[in-house]
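Enquirer: We have chain A already, so just place chain B on it with the hints.
Line order of the protein sequences matches chains A and B. Just so you know, we're using our numbering here: the first sequence kicks off at 613 and counts up by one. Just so you know, we're using our numbering here: the second sequence kicks off at 613 and counts up by one.
Just so you know, the hints here were simulated from the structure itself, not pulled from any lab data. It is possible that some hints are incorrect.
Copies of the same chain look alike in the list, so a pair counts if it works inside one copy or between any two.
Capping the alpha-carbon separation at 27 Å, the derived lysine-lysine pairs in DSS-like fashion look like this [stated by the list, open to error]:
#1 Lys705 with Lys617
#2 Lys898 with Lys866
#3 Lys1048 with Lys795
#4 Lys808 with Lys834
Protein chains: 2
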Amino acid sequence: MAIPKDARIGLSPEDIPKKWYNLAADLKDLQPMINPQTKEPVKPEELEAIFCKEIIRQEMSTERYIDIPEEVRDNYIYLNRPAPLQRAYRLEKYLKTPAKIYFKREDMSPLGSHKGNTALAQAYYNAEAGIRTLTTETGAGQWGTALAMVSNLFDIDSTVFMVRGSYNQKPHRKTLMHTYGAKVYASPSEYTDYGKKVLKEHPETSGSLGIAISEACELAAKSGGTTKYSLGSVMNHVMLHQTVIGLETMEQMKIGEIEPDYMVACCGGGSNFAGFTFPMMGERLKGKNECQFIGVESEAAPSMTHGEFKYDFGDTAGMTPMILMYTLGSQFIPSPVHAGGLRYHGMSPLVSAACNQGFVKPVAYGQDSTFEAGVIFSRTEGIVPAPESCHAIKGAIDIALECKEKNEEKTIVFCLSGHGYLDLYGYEQYLEGVMKDSSAKF
Amino acid sequence: MAIPKDARIGLSPEDIPKKWYNLAADLKDLQPMINPQTKEPVKPEELEAIFCKEIIRQEMSTERYIDIPEEVRDNYIYLNRPAPLQRAYRLEKYLKTPAKIYFKREDMSPLGSHKGNTALAQAYYNAEAGIRTLTTETGAGQWGTALAMVSNLFDIDSTVFMVRGSYNQKPHRKTLMHTYGAKVYASPSEYTDYGKKVLKEHPETSGSLGIAISEACELAAKSGGTTKYSLGSVMNHVMLHQTVIGLETMEQMKIGEIEPDYMVACCGGGSNFAGFTFPMMGERLKGKNECQFIGVESEAAPSMTHGEFKYDFGDTAGMTPMILMYTLGSQFIPSPVHAGGLRYHGMSPLVSAACNQGFVKPVAYGQDSTFEAGVIFSRTEGIVPAPESCHAIKGAIDIALECKEKNEEKTIVFCLSGHGYLDLYGYEQYLEGVMKDSSAKF
Chain A
613 MAIPKDARIG
623 LSPEDIPKKW
633 YNLAADLKDL
643 QPMINPQTKE
653 PVKPEELEAI
663 FCKEIIRQEM
673 STERYIDIPE
683 EVRDNYIYLN
693 RPAPLQRAYR
703 LEKYLKTPAK
713 IYFKREDMSP
723 LGSHKGNTAL
733 AQAYYNAEAG
743 IRTLTTETGA
753 GQWGTALAMV
763 SNLFDIDSTV
773 FMVRGSYNQK
783 PHRKTLMHTY
793 GAKVYASPSE
803 YTDYGKKVLK
813 EHPETSGSLG
823 IAISEACELA
833 AKSGGTTKYS
843 LGSVMNHVML
853 HQTVIGLETM
863 EQMKIGEIEP
873 DYMVACCGGG
883 SNFAGFTFPM
893 MGERLKGKNE
903 CQFIGVESEA
913 APSMTHGEFK
923 YDFGDTAGMT
933 PMILMYTLGS
943 QFIPSPVHAG
953 GLRYHGMSPL
963 VSAACNQGFV
973 KPVAYGQDST
983 FEAGVIFSRT
993 EGIVPAPESC
1003 HAIKGAIDIA
1013 LECKEKNEEK
1023 TIVFCLSGHG
1033 YLDLYGYEQY
1043 LEGVMKDSSA
1053 KF
Chain B
613 MAIPKDARIG
623 LSPEDIPKKW
633 YNLAADLKDL
643 QPMINPQTKE
653 PVKPEELEAI
663 FCKEIIRQEM
673 STERYIDIPE
683 EVRDNYIYLN
693 RPAPLQRAYR
703 LEKYLKTPAK
713 IYFKREDMSP
723 LGSHKGNTAL
733 AQAYYNAEAG
743 IRTLTTETGA
753 GQWGTALAMV
763 SNLFDIDSTV
773 FMVRGSYNQK
783 PHRKTLMHTY
793 GAKVYASPSE
803 YTDYGKKVLK
813 EHPETSGSLG
823 IAISEACELA
833 AKSGGTTKYS
843 LGSVMNHVML
853 HQTVIGLETM
863 EQMKIGEIEP
873 DYMVACCGGG
883 SNFAGFTFPM
893 MGERLKGKNE
903 CQFIGVESEA
913 APSMTHGEFK
923 YDFGDTAGMT
933 PMILMYTLGS
943 QFIPSPVHAG
953 GLRYHGMSPL
963 VSAACNQGFV
973 KPVAYGQDST
983 FEAGVIFSRT
993 EGIVPAPESC
1003 HAIKGAIDIA
1013 LECKEKNEEK
1023 TIVFCLSGHG
1033 YLDLYGYEQY
1043 LEGVMKDSSA
1053 KF
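Bound conformation, chain A alone (with noise of 0.2 Å):
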């Protein structure tokens, strides 16, 4: 078929924003983190221990609008932002339907992934600050990719804690943080003393991203400052540093004269799909659209589908301060899906505060159902999903397939968080019919 021209949208470096959007600048009612202990609001303070004061700064700020530095601005470069937005003329066409699709390309990081977006500022303020390492916990293994490459680039180190289950069932994932220059322990390792507790009262377990949080976090409070902790999503400063997704689709859509009906992005702790849709949100809440942002769950992990919106803790020891989210239940332990992403209890306080209040539609599918729409997308547009966006790709065909119904001409956008070339043991276990649909049951 013949594509037209437009088909895809660029923009130039000095395109980029300069700011990040908060949505807590314009979202109403919400609560704070509180420590467990206390039972009052975690003060500043006590976040010093594992994070630089710009960070829970950002983490505690409701102003609109926060400076991208010019340094972070400069090494977008080695994300290969800005990204495209695309037209998915072949999709629409696969599916007769009279819905225009857009999709949004986090998959153009050589990190496969958006996960970059916010270890890159996250690394910048902490090198600002003096601080020599960086430590985080991984699960399958997108975010301390991330973090392993963009230590570099301001020359720190950094040391991950990857689930013992992933770390000896995703060999490639390890191997491509290590060539990226990090130091990577299998969780729970003998590196700190709660990992080691954890080995001799359980010398078998395959680890949780639970303890490997807690492995991190050890490393950096018993640094004397020289180590901080790094979180790849759930945050509020890990929302605002995605924003720049949102921003730059924005702006894309200006060019293209584009006014979006539906924007959709898939959903694990919140991360892709605040930073694609919390923009636009902020511009609705304005009363500036109409758009309704869908947020694709795993049927795995259905946090806002099937969870509760209450004070619950982060992580499964229960180490972190208590979160007002949507929530599973922090002993909840989702079933072994090939989108690592989506496997978590919980959900950012600011994405289930926006649906709370009725500014997220959430959906939830199970494997099959993605990763069929995830082939069908490789066939017309070439390009191979993340198993965590095939969830975003299944969103908007359900919505194309609708618009086809009902004869409806409405412009669909979607974001693609990253691609499936370290995925593709999913891909043959779908292709050969023995995929299992490991859903939970609700």
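Expert: The following block gives chain B in isolation, referenced to the frame of chain A:
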């Protein structure tokens, strides 16, 4: 470090070249392919059993410029063309070299390599000629992946014969082709007479590129005209289609006022090197520049550095025409290095002729030193390169270090032919110090 804003030179879609450049118009003393039976130059009609007419016309053309069809240009979007030219500031700083280093980003294709450039053109011409299926062989899998994806763009089918050893050892490449909808057979297969014959004689064989070529050609020849064969390197029309790389690069060098002293690319069958350097080499043949063209081979298959310039077969079984090229002998089996795309006994006849006439300086490196270069590049520039591309990087680094020694501010431009997401096992072996340096002994 602060990254200057001119670190990346992009192009807009309308700047994509409108014509490919054909070195055969400017390079002297080119010799035709010979039919081994008749000892006469191959006639166009002898190739019609396996190639469509326009491909044959291009193969034999000595026109300087050949129009890129509008539909091919439109579909470059699916290869993420145009591709940026980027300055490797952080690599320069790491090497402490006065040299300037630039690289052309073929890694940004969703296929992970430059191979789509010719696959796209070949699929287009075959679809125009009414062909329903394209068939090919693949070793490491990059070429088969490219053909599998672009076939979808023109609504034709693809059948790939994958060397059985790779098929079993590289399940992810096979899965990638399946995801794109290709039929993939482990070669030798039960699907062709030749495959059956080989399997009967050698039931345990792990196959070879030569056998896979024979199976693909048989499928085309016996299809009654509905199926044609497609080749990913060596032949003139493949080099032609790849010149989109070098033509874009020249446009970008003009914008950036970059005058290269060296252009460096890896050399297997020659398509990446030819595509990148031929447009600039054409200008040199006219005395318009003094650029040196460095072809970097693997020590496992160093045809230009250690082979003979003579007529030889393109395949192992002796089924192709005889080609005048640098060759290690059509019976030569390269060691199983990770850079599968460089494991070829011969070299493109155009690249060979240019080398024989002194316009290409060939060098060869062992596996360890190229992976070392790849790790340096990953940590400085943030992109994990394909093992083939590591050869170009190693070549560029060595020149940059020579510049440092001599305190010369030269300009080096190399081609990053692809990314290494499906080659992380090689990185793991390198980082763990267990890589065998599988170079041939010369």
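Enquirer: Against each hint, give a clear statement of whether it holds in the structure.
Expert: Consistency of the hints with the structure:
In this assembly of identical chains, Lys705 and Lys617 lie within 27 Å of each other by CA distance solely inside one copy; the values are 16 Å within and 39 Å between copies. Taking the shortest alpha-carbon separations for Lys898 and Lys866, only the intra-copy value of 18 Å comes in at or below 27 Å, while the best inter-copy value is 47 Å. Taking the closest pair of Cα atoms, Lys1048 and Lys795 come within 27 Å of each other only across two copies (24 Å); inside a single copy the shortest separation is 33 Å, beyond that limit. In this homomeric assembly, Lys808 and Lys834 come within 27 Å of each other (Cα to Cα) only inside a single copy, at 15 Å, whereas the closest approach across copies is 66 Å.
Figure legend: structure checked against the earlier numbered hints; every hint is met.
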